[in-house]
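S.K.: With the hints as extra help, turn the sequences into a complete structure.
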Amino acid sequence: MRFVRGLVSFVLWLVTIPLLVIAVARALPFDNVPPLPLLVPFTPWAALVALPLLVIALFSRRPALAVVLAVSLAGFVAWTAPFFVPDAETAAAPADPDDAGTVRVMTLNAHAGGADARAVVDLVESEHVEVLAVQELTHDLADQLAAAGLDDLLPHSVTAPAASGPGGTGLWSVSAMTKPGRLDGSSFAMPSAVVDVGGTPVRFTAVHAYPPLPARTATWRTELVELTDRVRRDSAPQILAGDFNATYDHATFRDLLGSRFVDATREWGAGPVVTWPEGRRVPPLLALDHVVVERDMTVSDVVPRQVPGTDHRALLATVVVDADA
Numbered sequence: 001m002r003f004v005r006g007l008v009s010f011v012l013w014l015v016t017i018p019l020l021v022i023a024v025a026r027a028l029p030f031d032n033v034p035p036l037p038l039l040v041p042f043t044p045w046a047a048l049v050a051l052p053l054l055v056i057a058l059f060s061r062r063p064a065l066a067v068v069l070a071v072s073l074a075g076f077v078a079w080t081a082p083f084f085v086p087d088a089e090t091a092a093a094p095a096d097p098d099d100a101g102t103v104r105v106m107t108l109n110a111h112a113g114g115a116d117a118r119a120v121v122d123l124v125e126s127e128h129v130e131v132l133a134v135q136e137l138t139h140d141l142a143d144q145l146a147a148a149g150l151d152d153l154l155p156h157s158v159t160a161p162a163a164s165g166p167g168g169t170g171l172w173s174v175s176a177m178t179k180p181g182r183l184d185g186s187s188f189a190m191p192s193a194v195v196d197v198g199g200t201p202v203r204f205t206a207v208h209a210y211p212p213l214p215a216r217t218a219t220w221r222t223e224l225v226e227l228t229d230r231v232r233r234d235s236a237p238q239i240l241a242g243d244f245n246a247t248y249d250h251a252t253f254r255d256l257l258g259s260r261f262v263d264a265t266r267e268w269g270a271g272p273v274v275t276w277p278e279g280r281r282v283p284p285l286l287a288l289d290h291v292v293v294e295r296d297m298t299v300s301d302v303v304p305r306q307v308p309g310t311d312h313r314a315l316l317a318t319v320v321v322d323a324d325a
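1 is the number of the first residue of the sequence shown in the UniProt record's numbering; add one for each residue after it.
By construction, these hints were calculated from the structure, which means they are not laboratory data.
One or more of the hints may lead you astray.
DEER-style ranges, computed between Cβ atoms [unchecked claim]:
#1 PRO277 <-> ASP143: 25 to 31 Å
#2 ASP140 <-> VAL67: 53 to 59 Å
#3 ALA236 <-> LEU28: 29 to 35 Å
#4 VAL24 <-> LEU48: 31 to 37 Å
#5 ASP143 <-> LEU14: 48 to 54 Å
Ideal placement from N, C-alpha and C gives every residue a C-beta, glycine not left out.
M.R.: Next comes the structure, spelled out in structure tokens:
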């Protein structure tokens, strides 16, 4: 009997230690040391594992294990719970998508041009998308999107497609685009342009950061820091949409938000919206794709959508740029 209890304790600790490591990684004010960037995205899921383990530890009278799990769970809940609390303004005044000061934004990682162009255009039309950001855009996919009618729905664009692979990115709009730009030095193209939203000029940026692979963690962080510096230098209203290859639990992503920007999903308050991986044997687990808006903008209706041919879900958000619109 003593052997069985010891074996159970060993198994419980074996599962608990990774949870503790994730909790410590999430609590740190930095994430530029491997493997931290690969651990912290699992914070919401760690909470679901820690809760039943805590119950088992309490009922089996394992106080040390219970303390470790309770502290870890408290952190997981504190970090994840805000995603289930809608912003006060959003809850009080849901946006009317027909208002002039409201814009419907969609972002999609096209998986090296593999996304079904017809499905993308159908989604743009059915969801009344007004600004579209596509990452991993290839020349072939750009041609397929045009042939499927994207230019009829969103006639204005700033694109930087790649011959192949993940490097290309495109930005489309139903309204005229001015002051086109591009983030210099990034591994993947990040085009931007100014679009008039209900009389307010807003700079939209299609974001695609390098993934935080163990051997390229410095590249991942450097590119997000450079993006942070660029958006902070621009005092004009901004909306960023794309595959940040980061979740809210990454310190580098929270540094980008700072006191000026907010994650649309967190403001909407319907829980984390996971977007990757799609079309695999496992369901989507991580929220790598984001729509980031100014703090004084109001967010309404953040939803994911499946698109054949890609390993990311599309992410759509309705944003009220002018609260008086």
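S.K.: Taking the Cβ atom of ASP140 and the Cβ atom of VAL67, is their distance within the range 53 to 59 Å?
M.R.: holds (56 Å)
S.K.: Does the Cβ distance between PRO277 and ASP143 fall inside 25 to 31 Å?
M.R.: holds (27 Å)
S.K.: Do the beta carbons of ASP143 and LEU14 sit within 48 to 54 Å of each other?
M.R.: holds (52 Å)
S.K.: Would you say the C-beta atoms of VAL24 and LEU48 sit inside 31 to 37 Å of each other?
M.R.: Roughly 18 Å apart at Cβ, these two residues miss the hinted range, so it is violated.
S.K.: Does 29 to 35 Å hold as the CB distance between ALA236 and LEU28, or does it fail?
M.R.: holds (33 Å)
Checked against the numbered hints given earlier, this structure breaks only hint 4.
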